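Enquirer: In case you want the letters, here they are:
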Amino acid sequence: MTLELKGITKRFGSLVANDRIDLRVEEGEIHCLLGENGAGKSTLMNVLYGLHRPDEGQILVGGEPRAFDGPRDAIAAGIGMVHQHFMLIPAFTVAENVMLGDERVRAGGLLDHAKARKDVAEISARYGLRVDPDATVGDLPVGVQQRVEIVKALTREAEVLILDEPTAVLTPQEIEELFTVMRSLREAGRSIVFITHKLKEVKAIADRITVIRRGAVVGTASPDAGEAELASMMVGRNVRLQVEKAQHTGSDTDPIFSVRDLTVLGENGQVVVDDLSFDIRRGEILAVAGVQGNGQTELGEAILGLRPPAGGSIRLEGRELTGRSPRHVLRSGVGYIPEDRSLDGVVGSASVAENLVLDLYDVSPFGRRGSMDVGAVHSNAAQRVEEFDIRTSSVETAVGTLSGGNQQKVVVAREMSRPLRLLVASQPTRGVDVGAMEFIHSRIVAERDQGRPVLIISTELDEVFALADRIAVMYRGKIMAIVPPDTSREDVGLLMAGVNPGDGAAPAEEETIPEEVGDE
Amino acid sequence: MTTTLATPSAATEAPATGRSRRRWYVGGVMILIGAYGLVAFGLGTRTAHGRTSTFGLDLVGAGGVDMPDLKVPAATTAMVLSVICVALGVARMAVEPRRLWRVLTTTAFLACFIAAFLVWATANQSLNFASVLNATVLAAVPLILGALCGVLCERSGVINVAIEGQFLFGACAAAFTASLTGSLWAGLVAGCLAGALLGAILAVFANRYKVQQVVLGVVLNLLAAGLTGFLYDRILQPNSGGYNQALAFPNLRIPGLVSIPVIGPVLFNQNIIVYATMVLIAVVQFGLFHTRWGLRTRAVGEHPTAADTVGIKVLATRYRNVIIGGLISGLGGVWLTIGLNIPFNKNMAAGQGFIALAALIFGRWSPLGALSAALLFGFFEAISTSLQPLGTPVPSQFLTMAPYLATIFAVAGLVGHVRAPAADGQPYG
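Respectively, the protein sequence lines represent chains A and B.
Per our numbering, the very first residue in the first sequence carries number 1; after that it's consecutive.
Per our numbering, the very first residue in the second sequence carries number 1001; after that it's consecutive.
Calculated directly from the structure, the hints in this document are not laboratory data.
Treat each hint with caution, since some may be false.
[Unchecked claim] Quick partial rundown of chain A residues pointing at chain B, CB under 10 Å, derived from the structure: (1) Tyr49; (2) His52; (3) Leu88; (4) Met99; (5) Asp102; (6) Gly109; (7) Gly318; (8) Phe465.
All figures in this text were calculated on a predicted structure; none of them were measured in a lab.
From the three backbone atoms N, C-alpha and C, an ideal C-beta is built for every residue, glycine too.
Next comes chain B alone, as it looks inside the complex (with noise of 0.2 Å):
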């Protein structure tokens, strides 16, 4: 601050200060972190020797087109996408970061680190990298579905941390309700409206009675915890050929957009809980920024004064919102278990509501960016469990905990400051 100080337009210069030095800091770290690329990966002994890597392109058993195996040396092409992201890290200092200029730098960034280390982690073997596209898919549907709750619920001003106890009371009464009856619809709708119910209760004791919303949502994880816990030890496990089946929605093979090169099989061969998840992306980003509802429910969690003052019932919004949301993470919920084919079990969700938590935030309580974030977090789990086999010095936890360093990277560089919404969290009336 001293130093800028120091020369004669300082007065001008100094409210750029601030984000030239961080223009300076991202760079320096893209720099550094693809240089460690080019010697790690490109120059290491595990790429040595003309080795080559073989990548997968296509997914066992889900049709589409025959894609031949993508073939690549893996010194010269781990270097090669070492040298692009020390060349973006370049490219990032010398230019005055716009927000486009920024996302596209630290996109393409994340990109070619990530393939400099696959084909470092391949070589001279071979990995599905469609069948990481796929796994990436299935991990990130629950944590879409999540973040979308979240963002109905903050966006009208309630913060919702019950999302881990909405997956479980969805998933629990999904299971039950789809062993009990037969049907997978039966299923699929109680367990929505379990979700609704657990948001039911967290809207009626945030609006209603005011309660401090972080606690109350740590609450009422517990109590889902706790519920779900007691019904599968006494009733689900006890019998669970009657109550508690491994079932799934069929996968559905959408004609014509299947047969896109890779990634029509990954998201065109999938059963109706992701086409759902992928609708209703297009439904909350549509409606919140180009509809009635949407415009009411931003000026509720923004200003919800002001919203009452035009004749907007702010708590009115708040509930319904809160409900839908608890639908959405209901259906959640539903997928960890009648979408994926396993029963329930205690503690199934394993914090992937809080993942969700994350996603919404990084994606800064729009859709899209949740849905980035999700795919993002997604894509990490599925490659630290695809590469277990390959044998990389690299310990599997260090994998798993690749996503969340990632993110907060990818947010310093992408997102920047994040804001909630103004009136997140507070009570109205």
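This is chain A alone, in the form it adopts within the complex (with noise of 0.2 Å):
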């Protein structure tokens, strides 16, 4: 079934989100959708799944012009969705998840949870998506909750499947079996809309690429593109895809950020940091791969002071870090830039001037005698503005309104604008553009280069592989090895996924002071 999107536009106040955009999904077809965050493919989505209404223009499916007043109405034209954020139940069962608003019924509204199950177990068969139909979803790893969304979609008889951003919560092992299911859809005579803004994922994959720039269709590439055309597409300029490095040069200093046998116990006392151990020395960046939940986010927040660690210790320089206020921690030459900065980054409703001296609103020059010198903020803050490219319209505007990446360039110009003896960056650039993300690395690089120990904590390998000296792979809150940055990919993703690629890799424990340094 063909599928067209003709002069699409909508339009939320002010902001055209999408403008004047056609896009033709052929039948059979794997059509990516590639663009920035904040784009305008997830609204597109949107509007074609009957979420949002277009102001402007026409959906044809199979050729016919159709208008979908509800998801419902999409469904029932033969479109399913995958979101981003899963749309699953994570009380009910996966069968139950599934038949949800199209329910298997026996007279008078009975459940039939039995086909349910046959039904699940069916398509689960027929594409290789492998699902207990009774297991409970909030047990289930992501990547088999992805799954069961997808089988969602099929036995809702979706013809054309939109999967949007489906690889940010997968290992490259599930993404891999993801392609792979893509791939038997495909054969199976179903289109699939690709959205993503991942190039190699496009390259893997698509058999047509169009790509989307400020709410406008701004060309059609095919996969044989280049990645720095798509990119130069993508972005509207033309951008460094590799961040620019110097060797690391000061591998035979002393450690002077250490981790010893640190023990961290999550919400509910399970272990979820167990036992781990690690240096980083001057001018060297340790980034810390894996798959999300796997004990990393813990692992910032008890380097920070915010999660007391149950055993271990921190030590940065010699002093004792461990079970210190994130206060004293960031006063000890700390800089943290948090994982979710809406969350811990950024007040969205303070300014930007604000925002920029929240951890030394009461400390010379701004803070006097209990009072705050609002000249001084703000004059802070214009040369911030300036410094790190955040483009506001003013320093008194709420952060909240900014852009994802001009937010984290708030929190990166504040956490950088202290004089630092160590930087903990968890997920530096999730939800920037490719812009703002060239101008994170380039800065954690440049902290490196004046002899700081950097820490990233990082899911997506790509940012792992460009920032890295060294790699450590967490997993189950354990450090399955730290290894060199040019260990290939696969491997990196064995590690991810708890399994030693090899002999030759030896354990964590004995990492801890790797020899491998130097070989890059």
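Take the two lone chains, each set in its own frame, and fit them into one complex as the hints suggest.
Expert: Right, dumping it as structure tokens:
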């Protein structure tokens, strides 16, 4: 079934999220929609799925114009969607989630669980989507939850499947599995719209590529196009995909930052960071890779002092940081970029200027005998906005109204404008556009080049490989191994899944004083 | 926490520490309470000198089979029951608690302790246990109906703290309409509709105007108290013969079932509202977990956006459930007047709407759970009134407090962590 969008325009107030977008998806095609965060991809797909009504334009399914009043109409027209944030109910079983809204019922509205289970099993078998119909969704790993979403769409006989940023939460192996499923769906004649901003994936799977920038289609491309070409279409200018980084030089010096036998407990008393040890030297970036939820978050929080460790020690330049308050840790010269800026990076309703001094509001020159020197705060803000290229209409603007990339720059600017002895950055470029990513990466490298030890915690392998001098892979609270940055992606991916590739790789405990640093 | 981590296998055992520590606490408390029972009830002066406790098992005037009175030696029985309590505490400590095990031991513990207490209180006297059970049912009915209303609302994601107000609306409308028309059925319908009206107001403000739902519920309670109080002063009270009579549905005996010993007359010689309550419990319990309506209701309460993306109308579901819930809590109000043969009085709900809310939460948002909690509350309510003539040294206020203490204990031991529907109280759209 072909799907065609003609001149779709969607406005939110004065913002034009989609500007006369044309898109044509052929039967049995994997059509990639490439664009930065905030380019309007998701809005477009929400229009297609009936969640937003377009202000102008037409949707043609199989050549016939259709108007969707809600998801139900879109589903009836054969469109299925796997949202970036899964639309599954954690407390329900797989079968219940799959049948919700399209329930298998006997007379009188009684649920027919047996039939629902059978349908799930059938679709699972047909497309190689392994799921247990009776498992509770909340207990499943994200990769499996995604399969549930796909099964859910397929049981509704979706001819066109929209996958919104499906790889964001997956390990490299899970991404490969997803691609296999996508190929088998393509062979079965289904069309897939694959939304992403990751160039490598586009090139790996797409039959055709449509690039969107600032709400408008800027062109189509074939998957043979070079990454640089695609990136410049997406961003609108030439971008450097490689972070320029001099070779790490400080391998002979003693470690400045060291973590020994660190154990951290999670919310329910379970061990989330398990007896972890590593060192970072002067001018070195250690990147912690791993799938979300393997203890990286808690590691970062423990270093900052947000989460008291249950055992072990954290030392910076020989001084103990274990069990100190976040304020103490920050004032000891630790810069901290938290993984979720909206949660603990910025105060959305406060101004750019205020957010830039959140950690220093009470000390000179900003704080004076219990009051705040507004003048100093403003001149500081003006300087940082300039230096860090924060795109804001004024320093009085509420941070919450800025784009994700600019919000992140506010965080980075604040954390890097103190004299630092250590930089800890969790997901430093999550949800930011390529331009801001480039900038943030170069600032991080600049910190390293000035001799600072840097700890990066990232679930994005691209970021890990771009920045790291050494890569520590975390799995279930432990470091599987610390490897040099020229290790293959496949091997790092295996480590992320808890598999130690080959016999050559030594176990984590023996890697705390690694020899391979200078190999780069 | 530090002690558990000192052991070498701490890493693997740590996940269980929270639960096993609680096992020790709960077991310890059970042993202490049991030991207290042994000393106070078994060895105290009240039960001494070979006194017996007499329990009547026949409900006066209810028919059914005749049951002889139950006479037990006070001291021995209280001691045996207390020892069982201690033993249950020890057992609880010894075994890693599974859910069924927790439920069984806690239920048995509470039953034994209460029995020991009753034996002690009744020593040398007699207590009609059947009428205590009857009073339990009468007290539990509004709590169950209120809690069922809460289940319908909160499972779909709307917090309803206006149950108290719905009771008042229902009670006032039922008494007024029944007195005016002379028809109890008209009173029943009017009372249910009055509850539904308040439910509809709640739904509109919660769904359409997204008012903070707890505050909204409190405001609606004040509205209901004020409005019914005004009507009482100006209309009902000045002409109580015409507008506010004491009326009641007659009791209906269900042949066969009423002959079950002890509980037969208690459960099956009641009026239509009690039977309606039983049916509603079954319907809501079954509907919530076995029908399309139930699946969608729970989906809307857990994750409305997900429900929306599969074409379920979130707001329509919420409106429907809140209004149906209003009908049910309206029926609870009906019970307070023409169910119990009492004319309407100002603020006659007297906090029962809030207790219904407690039953809902302690019953983990499930109809059967709410039923158990409501029966427990009702039972304590009943014993606190029926023990007064026996002249126990326990002040009646303490007995009135007892159900809530018991509930907290039961919740800690039985239910564990209670989790509300994930989207409870969050407006959608």
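Enquirer: Is the interface hint satisfied for Phe465/A? The criterion is a beta-carbon contact with chain B at less than 10 Å.
Expert: Because about 31 Å separates Phe465/A from the closest Cβ in chain B, which is outside the 10 Å limit, the hint is violated.
Enquirer: For the hint on Leu88/A, does the least C-beta distance to chain B fall short of 10 Å?
Expert: holds, 6 Å
Enquirer: Interface hint check: Gly109/A, Cβ to nearest Cβ on chain B, cutoff 10 Å. Holds or violated?
Expert: Nearest chain B Cβ about 4 Å off; hint holds.
Enquirer: Classify the hint on Met99/A as holds or violated, based on whether any CB of chain B lies nearer than 10 Å to its CB.
Expert: holds, 8 Å
Enquirer: Return the status of the interface hint for His52/A: holds when the least beta-carbon distance to chain B is below 10 Å, violated otherwise.
Expert: Violated: closest Cβ of chain B sits about 12 Å from His52/A, beyond 10 Å.
Enquirer: Go through the hint on Gly318/A and say holds or violated, using the shortest Cβ distance to chain B against 10 Å.
Expert: violated, 25 Å
Enquirer: Identify whether the interface hint at Tyr49/A stands, where standing means a beta carbon of chain B within less than 10 Å of its own.
Expert: Holds. Min distance 7 Å.
Enquirer: If you take the shortest Cβ to Cβ gap from Asp102/A to chain B, is it below 10 Å?
Expert: holds, 7 Å
In summary, the structure is inconsistent with hints 2, 7, 8 from the numbered list given earlier, while agreeing with the others.
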